[in-house]
Amino acid sequence: MNPALNAVIVIVAGVGVCVSYFWLANLVLDKVIFPARGAHAGRNITRANRVRPWLFLFPALFFVGVYLAYPVFATLWLSLNDRAGNFVGLRNYNRMFSEPKFGESLRNNMLWLIVVPAAATAFGLLAAQLTDRIRWGSIAKSIIFMPMAISFVGASVIWKLIYDARDASLPQIGLLNAVWMQFDGGIGSVLMLQALPVIVLVTMALALGFGTWLLMRGLRGARVPQVILRLVLAVIALVLAGVALRWAWGAVVVSLPYGRPQQWLQLPFWNNFFLMAVLVWIQTGFAMVILSAALRGVPEDTIEAAVLDGANPFQIFFKIKAPQIIGTIVVVWTTITILVLKVFDIVLAMTNGQWETQVLANYMYDKFFRAFDTGMGSAAAMIIMALVTPILVWNVWNARKEMR
Amino acid sequence: MDGIVGSKPALRWVTHITVALLVILWIIPTAGLMVSSFRTGDQITSSGWWQAFSTQEAQQPAIRITGDEVQEGDAFVIEGRLFANAATISAWGTSSREPEAYAPGATADIGDGVTLTLAEDGAFRLTAPNSTADMRLPRVFTSAATAPEFTLDNYRTVLFSPLAGQSIGQAFLNTLTVSIPATVIPILVAAFAAYALAWMQFPGRAMLVAVIVGLLVVPLQLALIPLLQLHNAIGIGKGYWGIWLAHTGFGLPLAVYLLRNYMVSLPRDIIENARVDGASEFQIFVKIVLPLSFPALASFAIFQFLWTWNDLLVALVFLGTGNDQQVLTGNLVNLMGSRGGDWEILSASAFVSIAVPLLVFFSMQRFLVRGLLAGSVK
Chain A
1 MNPALNAVIV
11 IVAGVGVCVS
21 YFWLANLVLD
31 KVIFPARGAH
41 AGRNITRANR
51 VRPWLFLFPA
61 LFFVGVYLAY
71 PVFATLWLSL
81 NDRAGNFVGL
91 RNYNRMFSEP
101 KFGESLRNNM
111 LWLIVVPAAA
121 TAFGLLAAQL
131 TDRIRWGSIA
141 KSIIFMPMAI
151 SFVGASVIWK
161 LIYDARDASL
171 PQIGLLNAVW
181 MQFDGGIGSV
191 LMLQALPVIV
201 LVTMALALGF
211 GTWLLMRGLR
221 GARVPQVILR
231 LVLAVIALVL
241 AGVALRWAWG
251 AVVVSLPYGR
261 PQQWLQLPFW
271 NNFFLMAVLV
281 WIQTGFAMVI
291 LSAALRGVPE
301 DTIEAAVLDG
311 ANPFQIFFKI
321 KAPQIIGTIV
331 VVWTTITILV
341 LKVFDIVLAM
351 TNGQWETQVL
361 ANYMYDKFFR
371 AFDTGMGSAA
381 AMIIMALVTP
391 ILVWNVWNAR
401 KEMR
Chain B
1 MDGIVGSKPA
11 LRWVTHITVA
21 LLVILWIIPT
31 AGLMVSSFRT
41 GDQITSSGWW
51 QAFSTQEAQQ
61 PAIRITGDEV
71 QEGDAFVIEG
81 RLFANAATIS
91 AWGTSSREPE
101 AYAPGATADI
111 GDGVTLTLAE
121 DGAFRLTAPN
131 STADMRLPRV
141 FTSAATAPEF
151 TLDNYRTVLF
161 SPLAGQSIGQ
171 AFLNTLTVSI
181 PATVIPILVA
191 AFAAYALAWM
201 QFPGRAMLVA
211 VIVGLLVVPL
221 QLALIPLLQL
231 HNAIGIGKGY
241 WGIWLAHTGF
251 GLPLAVYLLR
261 NYMVSLPRDI
271 IENARVDGAS
281 EFQIFVKIVL
291 PLSFPALASF
301 AIFQFLWTWN
311 DLLVALVFLG
321 TGNDQQVLTG
331 NLVNLMGSRG
341 GDWEILSASA
351 FVSIAVPLLV
361 FFSMQRFLVR
371 GLLAGSVK
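Just so you know, the sequences run in chain order A and B. For the first sequence, UniProt numbering begins at 1 and goes up steadily by one. For the second sequence, UniProt numbering begins at 1 and goes up steadily by one.
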């Protein structure tokens, strides 16, 4: 049968089955099992009402149970077996940890986890703050938001054209190389490609240092979990500041290969950033939409008071608005973090993990669907699960707090 | 308020310029691919897409002289035009080693008494002492300025003539076949569950909500291997049933979460009045809550549709790779592997695959935004 016809039948049948399940189940409950008449009418109504929620919930719980909850345990079990189904304990994990490709995936995933949420949130915040204040802001928002609708694979094609490289004697059709070929090593190139990055990186390092100072200042008088959280964040900030300074030094001493078109996706280490750009491009719109709503929710009178006190726009943004939307920023950040952990399509389509761009999700796919090793594949999936778990716990904890 | 803050003209200019830069940065990648999809393969490789709108001075691909010969006295002559469209030749040649040997209007001696004259507008005149019937006519290399030109041929090719046995038109239908049932079914299942979680009292409700929130985060990767084994065990195997069920399962936590959040915010009075008037829970749900929840239903439907349409991983795992099951994203990945340099094919294929989501996006942006906000901001 033609799949499209099949689909129509499935829609009709699916909707029919769903509706009739709910309707019939209710009917049976009220009229047959616990009829609201006779000697026990009152008791029956109470009982029926006690059962009814589960009637409503059953299909959803069934699907979620089979398709999401059961696989977590099944994957855990599979990860302890070899591909033939013999129990091997933690041997799969051992083998995985000793594979260089796995270490590379883990390192790249960490890079993605740091760069993508930070960049997307920062760009989103910038776009949200600026577009809210101009008349053509809504059009600008629409355009920045648009990549959300484009599939990761579509986006990969779009960006592959940007990164395209051809021999130096031919006209470049990739935008990035066309721009790159404009630089000739003169004073303009040095300013743009060395001085500017150094300034940005040093500023970043200084900002991170300032953040560390703020974190340490609030240490006194804080409670124990707070102290731990602050110390951890401070250490991370310091490490990142160190990295930024090292890169700044790198930008000072680097000698760039001017006049030669670059295969951007094959430059080890840096190609990760060219892949990340795709996800940042997609996710900025998401961050912008949510942060823009949060910014509009900031009470007017707090801003008014700040204006009357003579605060400048930067002070208003960083001291009045940002602290009030910090909760939303955290939500956006974690949402993008979760997405990053599962990122698969972009890497598969653009490099397929070659040239040191492997990430966990693609590594897992590789192990299971190309090497047909269920044990190693499951072990890799469990690593992704382990990385997501802190966010899961935090989310559940928040939800419970809210329900009370 | 904004009036006060933005009253400094310098700052307002900075704002305008920054936003303009962001917008340009964000639209350029897509625009580049879109422009490329309307150019021929030769155009794409001979100049960047950003030059597509201006007259191009470039090396044209070699063109072999063709035409009917006419006898003029004791010479045989072929006359004709090199280009179908307007072009201005700046230099030309008859061998690939010297493609710019002659100026327009000059006459080249090809040997054996054969001469070729090429005018600036592409008109040529070939004269030979003998008939050219059994002679290999020369190829002409030109550097010419051609006017901007766009074509729909790429779309015709990818939609109607299958490439390597996989037609994009068929993949389009397959994708539609995957995504519509996978959008409709979870909505119904989730709506009832969301109602129960929002408006019915029963022990364990808070815990169930927490479980749903937890499952929102569970990575898809975890589910693939066990579910594929399960599908094989119960006889579904790889096919549409498998992917419909999988998408339903994966979409449910978000659906339940979004719909419950929305339903909780409905006015309590309406529902309690209906209860007092003797409406059953089923009636309340179908007649009151469901119609009122339309915005939330619409936003989830858009999410789920975009997600199922754009998905690659689930389709790779749960669907087969035959022509009747290949979806657009899978097809595109294959094309990137096998025809990575054929930008005219790739760009048109990519645009076919992102056209529907973009249409949905621009026509229903409002619901999408509302759904995002309901899902993330509290």
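These are calculated hints, taken from the structure and not from any lab test. Keep in mind that a hint or two might mislead.
[Stated by the list, open to error] EDC-like cross-link-like pairs, simulated, lysine to aspartate or glutamate; straight-line CA separation at most 20 Å: (1) Lys342/A with Asp132/A; (2) Lys287/B with Glu272/B; (3) Lys321/A with Asp132/A; (4) Lys238/B with Glu99/A; (5) Lys342/A with Glu356/A; (6) Lys238/B with Asp366/A; (7) Lys342/A with Glu304/A; (8) Lys101/A with Asp373/A; (9) Lys287/B with Asp30/A.
The structure displayed is predicted, hence computed values, not measured ones.
Consistency of the hints with the structure:
The straight-line distance between the Cα atoms of Lys342/A and Asp132/A is roughly 32 Å, outside the 20 Å bound, and the hint therefore fails. With a CA separation close to 14 Å, the supplied pair Lys287/B and Glu272/B stays within the 20 Å bound. For the hint linking Lys321/A to Asp132/A, the alpha-carbon distance of about 13 Å falls within 20 Å, and the restraint holds. Only pairs whose Cα atoms come within 20 Å are accepted, and Lys238/B paired with Glu99/A is rejected, the gap being roughly 31 Å.
A hinted pair counts as satisfied when its Cα atoms are at most 20 Å apart, and Lys342/A with Glu356/A qualifies at roughly 18 Å. Annotation: proposed proximity of Lys238/B to Asp366/A holds, straight-line Cα distance about 19 Å (limit 20 Å). For the hint pairing Lys342/A with Glu304/A, the CA-to-CA distance comes to about 43 Å; that exceeds 20 Å, so the pair is violated. Between the alpha carbons of Lys101/A and Asp373/A the distance comes to roughly 15 Å, so the proposed pair stays at or under 20 Å and holds.
Between the alpha carbons of Lys287/B and Asp30/A the distance comes to roughly 19 Å, so the proposed pair stays at or under 20 Å and holds.
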